[in-house]
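Chains S and D, in that order, are what the protein sequence lines are.
For the first sequence, this note's numbering gives the first residue as 381, with consecutive numbering after it.
For the second sequence, this note's numbering gives the first residue as 164, with consecutive numbering after it.
Because the hints were derived from the structure by calculation, they are not lab data.
Just so it is clear, CB atoms sit at the ideal spot from N, CA and C, and this is done for glycine as well.
Certain hints may be false.
Derived coverage of chain S by chain D (criterion: at least 3 residues anywhere in the stretch with Cβ under 8 Å from a Cβ of chain D; other residues may be distant) [claimed, not checked]:
no.: 1; stretch: 556–566
no.: 2; stretch: 569–582
Taking lysine-lysine pairs in the DSS-like style, the calculated list, with each CA pair at most 30 Å apart, reads [said to hold, decoys possible]:
no.: 3; chain 1: S; residue 1: LYS557; chain 2: D; residue 2: LYS292
no.: 4; chain 1: D; residue 1: LYS383; chain 2: D; residue 2: LYS317
no.: 5; chain 1: D; residue 1: LYS317; chain 2: D; residue 2: LYS345
no.: 6; chain 1: S; residue 1: LYS584; chain 2: D; residue 2: LYS292
no.: 7; chain 1: D; residue 1: LYS383; chain 2: S; residue 2: LYS560
no.: 8; chain 1: S; residue 1: LYS557; chain 2: D; residue 2: LYS275
no.: 9; chain 1: D; residue 1: LYS317; chain 2: S; residue 2: LYS560
no.: 10; chain 1: D; residue 1: LYS275; chain 2: D; residue 2: LYS317
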Amino acid sequence: MVVQPMELLEQILFGLMIGGIYGVIGVGLTMIFGVMRLSNFAHGEFYMLGAYFTYTFVTLMGGDPFLLAPLAAVAVGAVGIAINRLLFKSLYEELKEAKGAAAFYFQDLKFIMLTIGLSILFVDLALVLWGPIPISIPSPLTKHIVKLPGGLSFSLARLIAFVVAIATLVGLYAFLKFTKTGRAIRATAQNPSAAMLVGVNIYKIYDITMFLSTGLAALAGGILGPIYNVYPTMGLDVVAKAFVVVITGGMGNVIGSILAGFLIGLAESLGGLFLGTEYKQVVAFVIMIIVLWVRPEGILGGGRK
Amino acid sequence: MLEVRDVSAAYGKAIALKDISLYVGEGEVVSLIGANGAGKTTTLRVITGMLRPLRGDVLFQGRSVVGMEPYQIASLGIIHVPEGRGLFPDMTVRENLEMGAFLRTDRDGIEKDLEFVYSLFPVLKEREKQLAGTLSGGEQQMLAIGKGLMGGPKLLLLDEPSLGLAPLLVDRIFETIDQINKERGVTILIAEQNAYMALSISHRAYVIENGVTVMEGTGKELLGNEHVRRAYLGI
Chain S
381 MVVQPMELLE
391 QILFGLMIGG
401 IYGVIGVGLT
411 MIFGVMRLSN
421 FAHGEFYMLG
431 AYFTYTFVTL
441 MGGDPFLLAP
451 LAAVAVGAVG
461 IAINRLLFKS
471 LYEELKEAKG
481 AAAFYFQDLK
491 FIMLTIGLSI
501 LFVDLALVLW
511 GPIPISIPSP
521 LTKHIVKLPG
531 GLSFSLARLI
541 AFVVAIATLV
551 GLYAFLKFTK
561 TGRAIRATAQ
571 NPSAAMLVGV
581 NIYKIYDITM
591 FLSTGLAALA
601 GGILGPIYNV
611 YPTMGLDVVA
621 KAFVVVITGG
631 MGNVIGSILA
641 GFLIGLAESL
651 GGLFLGTEYK
661 QVVAFVIMII
671 VLWVRPEGIL
681 GGGRK
Chain D
164 MLEVRDVSAA
174 YGKAIALKDI
184 SLYVGEGEVV
194 SLIGANGAGK
204 TTTLRVITGM
214 LRPLRGDVLF
224 QGRSVVGMEP
234 YQIASLGIIH
244 VPEGRGLFPD
254 MTVRENLEMG
264 AFLRTDRDGI
274 EKDLEFVYSL
284 FPVLKEREKQ
294 LAGTLSGGEQ
304 QMLAIGKGLM
314 GGPKLLLLDE
324 PSLGLAPLLV
334 DRIFETIDQI
344 NKERGVTILI
354 AEQNAYMALS
364 ISHRAYVIEN
374 GVTVMEGTGK
384 ELLGNEHVRR
394 AYLGI
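Work out the full structure, taking the sequences as your base and the hints as a guide.
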């Protein structure tokens, strides 16, 4: 098979675009792990809800999905806070009291089962509310083609999705690095009891973390909605990928997840080109295995906690 | 200023404190001495709301703090430098100190306290941009105390400030604790296994054994006490 240079360039750009979205989804998942030490298997459903909320807002209010996706993200983030307070809080209360590694792992097992249950619940809820038939969110921007020099062309929708993803990641990084709340989130991730002792209300930090995590997943769903199909089980297809990104990047590490998102997006895109699209799905897992082989803690993970 | 009244506490079924009582007067340095596992750390954890007592009360400036969350207790001016130093390892020295002042909004006061901490421990200023996790044990202890001071404490709780430090550094740390009390008027409660050092800078002290206070006295009295000398000073 001969690959044309232009085709290669196209796939690289395509991979970077998808990589940015993987980064946004993965960062949300890694934040929950880093701050709350919990693995959220319902993360993909917040992505799905983001897409459906965006669809619903477009249907109800009219307007472009790219403008309404952030609104959907805020709404889903509010759902995230509600779930945190109603369901998760009692579990990490118990975690706080528990001592020793065994307690921690049993705790995590409970949480895994809880979030798997939530995932099923949300999928069924979406089936009831929006039906099983895949829909696409109408946006004129998908038909608007941008021509790049060299004969490359992309829909404006894809370009906007990419720009939104990058802007979100940069914004999140700046928030965590330079604001007082961001610093408190990092402090809680690094040493929760010390954070409490300097006066951080860690329950508020957990709320904010859940809001950001679920909101980011929802934003990704909202901006991909006009490009791909929206259907109740779309989150299940994404959650495995999100975990691959988080594990490859180093669990709990925000920058690691961003890098891993781009790495896996690119690898999938190029893997599809060189190996054929039927192998595309397996590429992410192969990358994860190779990274873990060389660095069991992931690209930027491990070391001190 | 602080009064602990008949407090009992447990981790699960393991009883750690049995009706412990103590008080700390304004401006005092008070030590809790005792062996590993005697209940010193647990006492501090109860005071700062990290552990709910089974029974008993903790009063700070006449007001009960039992049932309050740790962040609320911290906002009253009780600052706890915990066992293991309580640092944020992947943050810089400067960021750790700023986290210490998390609840404060008085920028001038924070700036002044930062200068005070840097004057106590000039090495922290040199390492301002270094990650806390990469500091030596002694530097980490200095940072832990500095971070505590940044909270503008009325009452400073120090848990094992000498742990893991070379003897020369231990002297230095205790001199600084004394200086903080004298120059700043900060009331200090220390939990310490190094009984000699703790008693020599304390106004008063309590000896804790198996979750009970078995003895109380001034630093000098306890330094001269036969039981204390044999059990804790190795004389």
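Tested hints:
Coverage of a stretch by a chain is defined here by at least three residues with a beta carbon nearer than 8 Å to that chain's beta carbons; for the stretch 556–566 of chain S and chain D the count is 4, and the condition holds. With 12 residues having a Cβ less than 8 Å from any Cβ of chain D, the stretch 569–582 of chain S passes the three-residue criterion, so the hint holds. Note on LYS557/S and LYS292/D: the hinted pairing holds, with a Cα-Cα distance of about 14 Å set against a maximum of 30 Å. As the CA atoms of LYS383/D and LYS317/D are separated by approximately 25 Å, the hinted pair is consistent with the 30 Å bound.
Using a Cα cut-off of 30 Å, the hinted pair LYS317/D and LYS345/D holds, with the two alpha carbons roughly 13 Å apart. Distance restraint check for LYS584/S and LYS292/D: the Cα-Cα separation of roughly 28 Å lies within the 30 Å cut-off, and the hinted pair is therefore satisfied. Between the alpha carbons of LYS383/D and LYS560/S the distance comes to roughly 45 Å, so the proposed pair goes past 30 Å and is violated. Restraint check: the Cα-Cα separation between LYS557/S and LYS275/D comes to about 24 Å, which is no more than 30 Å; the hinted pair holds.
As the CA atoms of LYS317/D and LYS560/S are separated by approximately 23 Å, the hinted pair is consistent with the 30 Å bound. Between LYS275/D and LYS317/D, the direct Cα distance comes to roughly 16 Å. Compliance with the 30 Å bound is thereby established for this hinted pair.
Going down the numbered hints, you'll see the structure goes against just number 7.
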